[in-house]
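S.K.: Taken in sequence, the protein lines are chains A and B. Numbered according to this note's numbering, the first sequence spans residues 85 to 410. Numbered according to this note's numbering, the second sequence spans residues 85 to 410.
Some clues are possibly wrong.
Pairs involving identical chains hold if they fit within one copy or between any two copies, as the list cannot separate such chains.
Said to hold, decoys possible - List of simulated lysine-lysine pairs, DSBU-like, C-alpha gap at most 35 Å:
| hint | residue 1 | residue 2 |
| --- | --- | --- |
| 1 | K319 | K305 |
| 2 | K258 | K293 |
| 3 | K356 | K383 |
| 4 | K383 | K293 |
| 5 | K383 | K258 |
| 6 | K153 | K356 |
| 7 | K293 | K157 |
| 8 | K293 | K387 |
| 9 | K145 | K258 |
| 10 | K153 | K305 |
| 11 | K175 | K157 |
| 12 | K179 | K124 |
| 13 | K124 | K147 |
| 14 | K356 | K387 |
| 15 | K175 | K124 |
| 16 | K383 | K157 |
| 17 | K258 | K305 |
| 18 | K157 | K407 |
Honestly, the hints are just simulated from the structure, not real lab data. Just so you know, these numbers come straight off a predicted model, no measurement behind them.
Protein chains: 2
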Amino acid sequence: MEAVTASAPAKVILFGEHFVVYGEPAVVTAIDKRAYATAKLRRDNQIRIESLSLGVSGIFKGKRFRPEKGGAKARLKLELAKQAVQQVLEKADAKQGINVRIDSEIPVSAGLGSSAAVAASTIVAASSLLGVELSSRQIFRMAYESERLVHGSPSGIDPAISTYGGALQFQRGKDFVQLGIQANIPLVIGNTNVQRSTGELVASVRQMKSRYSSIIDPIIKTGGELALDSVEALKQGSLQAVGDLMDINHALLCAVGVSHESLDRLVYAARKGGALGAKLTGGGGGGCMIALAEVARLKRVAKAIERAEGTAFLARKTDQGAKVES
Amino acid sequence: MEAVTASAPAKVILFGEHFVVYGEPAVVTAIDKRAYATAKLRRDNQIRIESLSLGVSGIFKGKRFRPEKGGAKARLKLELAKQAVQQVLEKADAKQGINVRIDSEIPVSAGLGSSAAVAASTIVAASSLLGVELSSRQIFRMAYESERLVHGSPSGIDPAISTYGGALQFQRGKDFVQLGIQANIPLVIGNTNVQRSTGELVASVRQMKSRYSSIIDPIIKTGGELALDSVEALKQGSLQAVGDLMDINHALLCAVGVSHESLDRLVYAARKGGALGAKLTGGGGGGCMIALAEVARLKRVAKAIERAEGTAFLARKTDQGAKVES
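Turn these sequences into a full structure, and let the hints guide you.
M.R.: Okay, here's the thing in structure tokens:
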């Protein structure tokens with residue numbers, strides 16, 4: 085086999101970010117922006133990773149790294165895909181060298197699960213190239229492990245979405261539930277391009293919760309109730325209700341202090357542009373927001389977000405998880 | 085006696101607007117912006133009301149009205165003070181004619197209780213002029229009754245504040261509680277100058293509540309809990325906690341859909357300008373917001389609000405209720 089290309093989707097959190105830390109359910113969906121990984125055999129036992137989207141490349145030989153493009157910093161950006169390849173090589177018990185070329189449509193550092201999609205697509209491409217058959221569960225475990233090795237302790241939401249696609253309900257300490265939602269979920273994703281640290285925001289919520297527990301605890305519980313209600317609304321395909329719940333969820337996230345002026349600006353712009361609802365997605369404090377809209381209004385909402393100084397693109401739920409492309 | 089001038093203060097809702105409709109407590113304070121009423125005896129039995137602040141005047145004779153300034157529409161603007169005078173005349177069992185001149189520092193139609201302050205100050209001026217002694221309770225009842233005759237069914241918060249001054253806790257179906265807060269409450273009040281209908285906003289919350297009761301009910305309950313916590317923070321003089329609670333309260337009001345882009349803009353501006361906390365006050369959908377700040381920062385916060393296209397003025401709690409001035 086000459087080369088194998090595989091892909092895996094990005095994710096957005098529809099409901100429940102932050103509250104999920106305290107045991108409440110979150111609802112997450114795969115979206116039709118994908119990372120693509122193309123794997124080829126090498127004649128040696130080195131691993132070459134090239135990221136077209138990040139503009140970096142280099143060769144891993146054991147623990148050593150030789151940058152080709154992007155200098156020494158390239159290693160950090162390529163480490164994840166290398167870990168993904170290594171997981172597959174270990175499973176295959178092979179000492180084979182492999183080239184992987186990554187090309188991703190997913191904005192990085194935007195809370196959209198770009199890393200997990202890179203890991204999952206790389207795992208599928210490399211395993212397919214080597215003729216190793218992996219179950220979805222195994223792909224998920226390997227993507228999770230790659231993320232864990234590079235980024236610390238991820239929640240597992242991102243590799244689950246990238247592996248399985250579709251919409252999932254996620255709750256700490258429980259297996260995620262595939263929701264099997266039939267309805268299209270037409271979204272506009274708006275990036276504030278404001279940098280933020282999810283870790284710091286999680287810490288600030290914890291501080292608020294300890295200081296004002298009589299207020300913040302019921303807000304968190306209400307956020308969990310809202311996520312459960314959203315599952316019903318999504319299953320019924322009631323976009324208006326999903327939109328209303330997004331608006332309320334956004335306000336609850338404001339209440340625990342994780343919104344940001346730039347996010348609220350885009351949220352208001354989207355609503356005025358005709359969105360059924362809008363909220364921040366992910367860690368908050370900047371980063372991305374999502375707006376739900378009738379398909380015919382998506383472009384108008386996107387324009388409204390752009391006029392409010394955001395970067396906008398359209399997205400919808402995809403049921404296509406990690407898969408071989410060719 | 086030649087003439088008597090009396091005054092009564094404006095109010096702001098510090099915590100609990102809208103949630104108070106569903107039986108939760110609200111916390112309201114009198115602020116040092118006052119309406120002044122000067123009463124003089126006439127030689128006839130007519131009632132002449134002049135509002136310097138509204139630029140209208142006219143004479144009531146029985147059920148008839150003769151405008152002097154402001155045309156036929158002047159009646160609507162002067163009716164409240166006339167009702168207040170009439171309450172006092174009935175109490176005095178007098179057929180005496182009276183001139184009342186109103187001069188108010190309180191912005192009208194801004195949710196700051198301008199009407200109640202006009203009513204209370206007029207009642208105190210007229211009763212003092214006629215030598216009728218009224219208890220605070222009687223002043224309150226008369227101001228309430230004047231408002232009821234002109235504006236329909238008021239909650240009673242506004243006449244209570246205008247009469248008693250200070251900060252009150254108010255709960256539907258219960259007597260209000262005078263909180264006896266020692267601390268200064270240094271505020272900036274920002275007016276969006278966006279018109280809105282409190283009635284429509286109250287109705288839209290009711291609709292949200294009936295549609296999403298599993299979420300809106302606990303939000304309302306949490307709003308009540310927050311108001312109770314604020315009383316503790318106010319009593320302890322912990323301005324930082326009061327500010328934090330304002331921020332959370334604002335978000336809960338966003339969650340029930342009563343904020344407005346213009347309000348959020350001023351709220352963010354105030355926070356960036358150094359406020360300890362900020363929130364909409366009153367009905368929302370436009371109207372006014374309040375920001376709490378250390379005294380040394382008040383002017384900076386006011387400037388930030390003005391730069392964000394609001395009209396700002398400084399205010400603080402006053403314990404001076406309705407009273408004779410001279």
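S.K.: Run every hint past the structure and note whether it holds.
M.R.: Status of each hint after checking the structure:
1. In this homomeric assembly, K319 and K305 come within 35 Å of each other (Cα to Cα) both inside a single copy, at 22 Å, and across copies, at 29 Å.
2. In this homomeric assembly, K258 and K293 come within 35 Å of each other (Cα to Cα) both inside a single copy, at 23 Å, and across copies, at 31 Å.
3. Taking the shortest alpha-carbon separations for K356 and K383, both the intra-copy value of 13 Å and the inter-copy value of 33 Å come in at or below 35 Å.
4. Taking the shortest Cα distances, K383 and K293 sit within 35 Å of each other only across copies (32 Å), while inside one copy they are farther apart (39 Å).
5. In the homo-oligomer, the alpha carbons of K383 and K258 never lie at most 35 Å apart, since the shortest distance is 38 Å inside one protomer and 52 Å across protomers.
6. For the homomeric pair K153 and K356, neither the shortest alpha-carbon distance inside one copy (44 Å) nor that between copies (42 Å) is at most 35 Å.
7. Taking the closest pair of Cα atoms, K293 and K157 never come within 35 Å of each other, the shortest separation being 38 Å inside a single copy and 53 Å across copies.
8. Taking the shortest Cα distances, K293 and K387 sit within 35 Å of each other only across copies (32 Å), while inside one copy they are farther apart (37 Å).
9. Neither within a single protomer nor between protomers do K145 and K258 lie at most 35 Å apart by alpha-carbon distance, with minima of 38 Å and 77 Å respectively.
10. In this homomeric assembly, K153 and K305 never come within 35 Å of each other (Cα to Cα): the closest approach is 48 Å inside a single copy and 58 Å across copies.
11. Taking the closest pair of Cα atoms, K175 and K157 come within 35 Å of each other only inside a single copy of the chain (29 Å); across copies the shortest separation is 86 Å, beyond that limit.
12. Only within a single protomer do K179 and K124 lie at most 35 Å apart by alpha-carbon distance; the minimum there is 14 Å, versus 104 Å between protomers.
13. Taking the closest pair of Cα atoms, K124 and K147 come within 35 Å of each other only inside a single copy of the chain (21 Å); across copies the shortest separation is 96 Å, beyond that limit.
14. With identical chains, the CA atoms of K356 and K387 are at most 35 Å apart both within one copy (11 Å) and between copies (28 Å).
15. Within a single copy, K175 and K124 get their C-alpha atoms as close as 17 Å, which meets the 35 Å cut-off; across copies the closest is 98 Å, which misses it.
16. Proximity of K383 to K157 under the C-alpha cut-off of 35 Å is found in neither arrangement, the shortest distances being 37 Å within a copy and 47 Å between copies.
17. Taking CA atoms no more than 35 Å apart as the test, K258 paired with K305 passes in both settings, with 17 Å inside one copy and 29 Å between copies.
18. For the homomeric pair K157 and K407, the shortest alpha-carbon distance inside one copy (30 Å) is at most 35 Å, but the shortest distance between copies (73 Å) is not.
Checked against the numbered hints listed earlier, the structure breaks hints 5, 6, 7, 9, 10, 16; every other hint is satisfied.
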